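Spelled out, the chains give:
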Amino acid sequence: MMPPGKYRKVIVLSVVGAAVVLVFALGALRSSEPGLIRRLVLDVCAPLDGILRLPIDAMRGIWGRYVFLVGLEAENRALKAQNAELANLLIRYREGYEEGRRLKKILQLQEEGAHRSVAAQVIGKDQKGVLKTVLVNKGTVHGVAKGCAVLADRGVVGRVIEASWHVSRVLLITDSNSNVDCFLEGPRTQGILQGDRGGVCLMKYVAKTEEIKPGENVLTAGLSGIFPKGYLLGKVSGADRGVGGMFQRIEVLPAVDFSKLEEVLILVPAKGGGR
Amino acid sequence: MTFYLLLLPVLLALVVLQHSLGVYLAFNLVNIEVSLALVIFAALRMDVLKGAVATGMAGFLMDCLCGTPSGFYMTIYYVVFCLFSFVSPRLYTEERWTLVLITFVGGLMEGFLLFVMSGWVLGKDVSYDLWRFFLPQLVLVSLISPFLFQLFEVFFIRMGGYERSLK
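If you read the sequences in order, they're chains H and C.
All the letters of the first sequence, read from the start, carry residue numbers 1 to 275 under this note's numbering.
All the letters of the second sequence, read from the start, carry residue numbers 1 to 167 under this note's numbering.
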C-alpha cells in the first residue's frame, strides 16, 4: 500500500503537505462561515473544557467567597455609598428618559427595537494566543450570528466572529483586528477604537487640534451598524500629540476587565439573521 | 487502523487539556503548548505517515480552538514537523537535555512562523505577544518535554503509532 524505499518519506510528506495547503486554501475561501467540522469541534470542545474547569472553579469560588475576605468590609461600605449616589442619579436620568420618550412621541420617531439580548456565559478565554477571543455558551440555535455585538455589565466586550450551534467566539475589542467606531462623551470627537498590545486600545484618527483629557468616556458611535450608539467602551488613559503625522495617539483603557469576564449579553437582531 | 481511529479523540482531549492547564496550573499567564511537543515527538519518533497525520490533526484542532483560520496552525506545525522529520536521522534524542534543546529550537521555529503567518494571513503584528506569552510558555514546554516524550511513548505504543528506530 505504501511506497517502499528511500522516497517514501518524501512522497508521504508531499501528499500530506498538499492536503494541508488544500485545507488552508479552503479555509481562506470560506472565511465568512465556519465549516461543519469546525462547528462540531467547537461544540464538542467547549463542554469538555467546562468539565475540566469544574473542580478548580469550585475551589476558586470557595476561596473567594468564604476564605479570602480581606478588605470586604471597606469595599462594602464604599459600594453602599456609591449605590446611594447612583440611585439619586438614576432618578434624574429616569426623568430625562421619560421626557425624551414624550418628545419622541411628539416627533413621531420610532423607538429603537432592532435588537433583543441573549445572556451567555463565558466558557473559554484565549487572550494569549494570536487572536484575543473568548468562547460563550450560546450559538446559532439561540439566534447568535457572526457580527452580533457582545456587552458586559460595564461596557462593550466585542463582536461575534464565529458561531457554531451552541458555542460562539467573540473577538475582544483589545484585539488589533478589532475596529469600533466611537466618540468621546464630552467633546463628541469621533474616531475608531482599535485594539493594541498589552490589553489597551487606541483611539485613532483624532486630529491634533482636539483637546483630549484623560478620564474622558469613550462610547460607541453606532455608525457601522454592529454596535448600537452610546455603549461604554472605556476611558481615555492618555493622549500624546508628540508623535508624527496628523493625528494624536490616544490610549483607552477598556471598561471591561476581560480577565474577570464571566457573563455577557449578546445583542441579536430582533428579526433574526446576522449582519 | 486503531491508531487512526483513536487519534482524533486523543488529540481532542490533549488540545482541550492543554488549554485548561494554561488557565489553571499556570494561573492564566502562559499557555502550555503540549501539542508542540507532540509535533516534535511525531517527527522524531513516529512513523512518517502517522506522524504527519497526527501533526495535521493537532494543527486543525488548534485552529478550531484558537479561532485562527483553518490551516493556520496546521501549516505551522506541518513545517516544523517536516524540518524535524528530515533532520531526525542525524539527531541523537536519547539525552534529556537534547530533548529540551530540540523542543526549544522547534518552539523558536514555531514562533518565527507565527510571526510571519500572522502578518501575512491576519495582518497582525504579534511580536509583543510572542515576547510576553510565547517565550515563557516555550521555556516551560521545553523543560517538561522529556516528561512529555515519555508520556507520548507510553501512549503511542498502545495506539500502535510509535516507531523507536533511529531511521
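Be careful, since some hints might not be right.
[What the hints assert, rightly or not] Keeping only pairs whose Cα atoms sit at most 35 Å apart, straight-line, the calculated DSBU-like set for lysine-lysine is: (1) K50/C - K235/H; (2) K50/C - K9/H; (3) K104/H - K124/C; (4) K260/H - K229/H; (5) K124/C - K204/H; (6) K229/H - K50/C; (7) K124/C - K213/H; (8) K124/C - K80/H; (9) K204/H - K50/C; (10) K50/C - K124/C; (11) K260/H - K124/C.
The set of hints was computed from the structure by calculation and includes no laboratory data.
In this text the structure is predicted, and so the values were computed from the model without any measurement.
Structure-based check of each hint:
no. : hint            : verdict
1   : K50/C - K235/H  : violated, 52 Å
2   : K50/C - K9/H    : holds, 11 Å
3   : K104/H - K124/C : violated, 44 Å
4   : K260/H - K229/H : holds, 25 Å
5   : K124/C - K204/H : holds, 17 Å
6   : K229/H - K50/C  : violated, 53 Å
7   : K124/C - K213/H : holds, 29 Å
8   : K124/C - K80/H  : violated, 44 Å
9   : K204/H - K50/C  : violated, 49 Å
10  : K50/C - K124/C  : holds, 33 Å
11  : K260/H - K124/C : holds, 25 Å
In summary, the structure is inconsistent with hints 1, 3, 6, 8, 9 from the numbered list given earlier, while agreeing with the others.
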